[in-house]
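Here is how the chains run, residue by residue.
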Amino acid sequence: MYIAVVLAPLIASILAGLLGRVIGRVGAHSVTILGVAVSFVLSALIFKGQAFDGQPPFNGAVYTWLVSDGITMQIGFLIDHLTTLMMVVVTFVSLMVHIYTIGYMHDDPGYQRFFAYISLFTFAMLMLVMSNNFLQLFFGWEAVGLVSYLLIGFWYTRPTAIFANMKAFLVNRVGDFGFVLGIAGIVYLTGSLDYQTVFGMKQAMAQHSFALFEGQPFNAMTVICICLFIGAMGKSAQVPLHVWLPDSMEGPTPISALIHAATMVTAGIFMVARMSPLFELSDTARSFVLIIGATTALFMGFLGIVNNDIKRVVAYSTLSQLGYMTVALGVSAYGAGIFHLMTHAFFKALLFLAAGSVIMAMHHEQDMRQMGGLRKYLPITYATSLIGSLALIGFPGFSGFFSKDALIEAVGESHLNGAGYAYFCVLAGVFVTALYSFRMIFMTFHGPERMDQHTREHLHESPWVVTVPLILLAIPSVLIGWVTVGPLLFGGYFDGAIVVAPEHDVLKEMGANFEGPVQFILEAFRAPALYLAAAGVLSAYVLYLVKPEMPAKIRARVEPLYRVLDNKYGFDWFNEHVIAAGSRSLGKLFWTIGDETLIDGALVNGSARAVEWTSALVRHVQSGYLYHYAFAMIMGLAALLAYLLFHT
Amino acid sequence: MQISWPILSVLTWLPILSGVLVMLVGERQVGVARWLALLSSLAALAISVPLWLSFDTASAALQFVERVAWIPGLHAEYYLGIDGIALPLIVLTTFSTVLVIIAGWTVIEKRPSQYFASFLIMEGLMVGVFSAADGLLFYVFWEAMLIPMFIIIGVWGGVRRVYATIKFFLYTFLGSVLMLVALVYMYLKTGSYELAAFYRLPLTMPEQTLIFLSFFAAFAVKVPMVPVHTWLPDAHVEAPTGGSVILAAIMLKMGGYGFLRFSLPITPDASRSLDWLVIGLSLIGVVYIGLVALVQQDMKKLIAYSSIAHMGFVTLGCFVGYEIVASTGSVQGATLGLSGAMVQMISHGLVSGALFLCVGVLYDRLHTRQISAYGGVINAMPIFGAFMVLFCMANAGLPGTSGFVGEFMVILAAFRANFWFAFVAATTLILGAAYTLWLVKRVVFGEVGNDGVASLKDVNGREFLVLGVLAVAVLAVGVYPKPLTDVLEPSLKHLVSLMMLSKT
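Heads up: the sequence lines are chains R and W, in that order.
Residue numbering for the first sequence follows my numbering, beginning at 1011 and increasing consecutively.
Residue numbering for the second sequence follows my numbering, beginning at 49 and increasing consecutively.
Be careful, since some hints might not be right.
Said to hold, decoys possible - Partial list, computed: chain R residues near chain W (C-beta under 10 Å): (1) 1074; (2) 1159; (3) 1488; (4) 1593.
Said to hold, decoys possible - Which chain R residues stay away from chain W? Per the calculated CB distances, all over 10 Å, these: (5) 1051; (6) 1069; (7) 1071; (8) 1109; (9) 1201; (10) 1233; (11) 1407; (12) 1430; (13) 1506; (14) 1520; (15) 1540; (16) 1560; (17) 1564; (18) 1594; (19) 1600.
In case anyone wonders, no lab produced these hints; they're calculated from the structure.
C-beta: ideal position from N, C-alpha, C; glycine also.
The whole structure should be built from the sequences, with the hints applied where relevant.
Rendered as structure tokens:
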């Protein structure tokens, strides 16, 4: 049954990919939707079995990948409460995106290929979350990266797309570089790749230290956890490895929703939660996680305010929300991180798909300055966008409210180094989130209609394959928080899957005061977050609807600051001009000076000339050059053998 | 299954004799020559199936042994036998030769019979190298194998083929001569060329050091390691596609095989004391060559440099065991490193062979290997584009492909020795991806670059077959490497015991 969950989308993907021309468009989308639907239904059944019927977690191998030097590397599944939750989220969002794609990619010549890719992605993501060992985790990790690469560059004739996909892969590889070292460290200390074995030896691991520099021991767990987290920084786009995510918007919108919002980018969050037994043993590593996450949460949010591309605004919002999840991990509120991951998966997939619906209506125009007043043309898209945005900013009762509020409170409770900074960032981030979210809503759906005449005449609501997924995603965006806040955060749902040391357990402290969702909402009125969000919405209202000339004035006032934001803090500039260009110059230097001048010029050709000179007699027989050498060698060999023969 | 016939001799001499026969058929009846060449290479591949199946994977001893006197005056024997280290390399040889012959089917216009004959003869000689258990016999095969390669590059090569051949010759010959001296020296001490006798021979540290350095000269050139690598890009660029494939897939493996078969067990103490040299050069190779590969403008040169970087993992995996013992006091991990080195060799054989074939497919159509002459190839050749992306991903070490397995094992082993070894080795994750994906971006993706690209026809059935078979092999090793590592494990464990045993 577990194997069927991963194989259904894989087989569907192979069918659609290799036989795309044979089975046609309808065949391709039918088979992949069927595959993912099977996966979803099975995941839901497994979830029900474990969460409601009390079935025990499953941990078992499928096959042995290789055995060497006493290390057994296996492919296998660990299905516990954390896994089942991820499985349901992944397959549900994937199914919605599959259906949506029928409408969005309707006229695209690469229709079958697209379905093959997103099904393959679903397979890879499931392999990642269902793994019971580091090898398969890494396989899924890189496989989702591969599909992301293929999908960002889906429109492979666009120069920006094929630049963005290479950038995404390479930046992720920087993260994977750390990830592999972390895995190697674990294998070094435990001789195993299996989660259970490794977690069983965590105390012994924490006693070790690595002498990275002469005479300076570093705690092994800290080194390993930071290395693993560097992997998460790549995949979950944390500063400074976030640079690929905004560019990944070059891909078709359905994948922005599926891969770059709901699932793949949350793999890093999932991984750290999965590794909670290890991360709990290093305060230093968690402080590192906390500070990186907090920085991402606030500073990426700022970028959402100055961008005019509707998809990129949502992308920066994703970066910022991933920062929130990371902060939760840092303060040991893993449950809150995963809770936010889940609610975010629904409302952010919704926001992306809604943005896609807008883009379709606008004939693939993505600049919000060309939009405005769309709410009367796209009522369903408008309503669902509004729901998604309200969930995102944490409107009381909506899903994002529960997860974000719990998360912020958890940060407030924490005493870890850096928690003060993080608390400031996540609170300030609430205002920023509300501001950019409603800036987007107001610029797109309200105010004057700024599009040209032709576009306006053709504006109409998207077909049902697009709006139905929007509605289906809007439902959990509103409701899921109500039902799950209790069990996920305070009800011990993750017991056994996520391990928190009692002295860090901020959620437990909060849980002591928890008396149900209604009381949770009322509590929120006594905390600053809600008022910050309201202030953010109000600011957006004033700035973009009441006095639309204000933003330009403000910008003129703070020109230098605006430059910094407009250049995205200069990360891209640095990567391109320092790292990429530097590597190329270094490569050129090594090649021309090292290989061509020193080795070839001085050593090889020097000796070659000497040989040529001495063999000047032979040289004029141009055609026989090669044979002469070969012949000379054989003769030499024969002479030597003959000498030995007579000598002995 | 017991094999009662001399299977290794058949695998060695059948291709050589068929090669002679193919040559005799001559250029008048190319069709006959071609089919004869294909059938004999297929026969060799078919014979390697029972070889694999009846190989006892639980044993580290030499198997399928054939032993008769050869040159009695020298006590040299015709002594063949293989262990788990040689077996996969022999199968890789017979497998690659079939593909090379199919790939050259109609492409070679100049003296095709001789072309196919050269590959068959080379196949037999390479199998001989891997199965020889006698030092002199090994040496004869080792040197003889170069002749067909010289001819292949020199006759069917590109414009600067003479320069490339001379360079190839000078490098390899210089190394080989020193190896012969070392072999003769040990013969004079033991009175035999049997490799097992060399393993048992006690040697003082100065003796070992000199012997080690002689072997090192031969093998480092073959691998090749920095700084004796510059023959390889030139040889690859000038060689015809088939020559590049065999050069990359098999010939480079001779160096790694030599380290495993000669350096480590014969001079264990010198290997231990000079391991810094090999490990240092390997790590320099990974980074230095990775950066050089980044700026190549010729596709073949880029793949050639990427080969050198990948082979850095092989040499690192071979010698890292000594550092593991030095830092942890246990040999745990040494076998992992060796196994990783071997898997890396096999994988590199498949992946770089496939990439050279891909370049060949493009070259046959547009007659240029310059990256700038392409762009947007996938628009005209979608199937080819898919293959190329797959093989490039394997080259970048993506899990699920063979390219990942060996690198992963070597990194795991290197971490046991020293964090920084693993750190430097793991930079290949970034560098390897950088030069490979940049190649993909410039050649495969993008708008159609020019009229030449627009006129490209997608792969034909023959090309599809060759690339398809390689794709299956690359994925199979990536998804399920256990059969391969099971064959290697006992022999490598035995090797670890030899390389850790002091002889002084």
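Minimum Cβ-Cβ distance from residue 1520(R) to chain W exceeds 10 Å:
Check passes; 39 Å lies beyond 10 Å.
Far enough from chain W: is every CB of that chain over 10 Å from the CB of residue 1600(R)?
It is violated; residue 1600(R) is separated from chain W by about 5 Å at its closest Cβ, not greater than 10 Å.
Just double-check residue 1506(R) for me: nearest Cβ-Cβ distance to chain W has to come out over 10 Å.
Given that every Cβ of chain W is farther than 10 Å from that of residue 1506(R), nearest at about 28 Å, it holds.
Quick check on residue 1159(R) please, does its C-beta sit within 10 Å of some C-beta on chain W?
holds, 8 Å
Measuring Cβ to Cβ, find out whether residue 1109(R) lies farther than 10 Å from everything in chain W.
Non-interface label on residue 1109(R) holds, nearest chain W Cβ at 27 Å vs cutoff 10 Å.
For residue 1407(R), which was marked as not at the interface, is the minimum beta-carbon distance to chain W over 10 Å?
holds, 43 Å
Minimum C-beta separation from residue 1233(R) to chain W exceeding 10 Å: can you confirm that?
violated, 8 Å
Just to be careful: measuring from the Cβ of residue 1488(R) to every Cβ in chain W, is the smallest value less than 10 Å?
Because about 39 Å separates residue 1488(R) from the closest Cβ in chain W, which is outside the 10 Å limit, the hint is violated.
For the restraint on residue 1074(R), tell me whether the closest CB of chain W is nearer than 10 Å.
Holds: closest Cβ of chain W sits about 6 Å from residue 1074(R), inside 10 Å.
Is the nearest CB of chain W more than 10 Å from the CB of residue 1430(R)?
Holds, because the least Cβ-Cβ distance between residue 1430(R) and chain W comes to about 33 Å, which exceeds 10 Å.
Say whether it holds or is violated: residue 1564(R) keeps its Cβ farther than 10 Å from all Cβ of chain W.
holds, 40 Å
Distance rule for residue 1201(R), whose beta carbon must clear each one in chain W by more than 10 Å:
Its Cβ does come within 10 Å of chain W, the nearest being 8 Å, so this is violated.
Going down the numbered hints, you'll see the structure goes against 3, 9, 10, 18 and 19, while the others check out.
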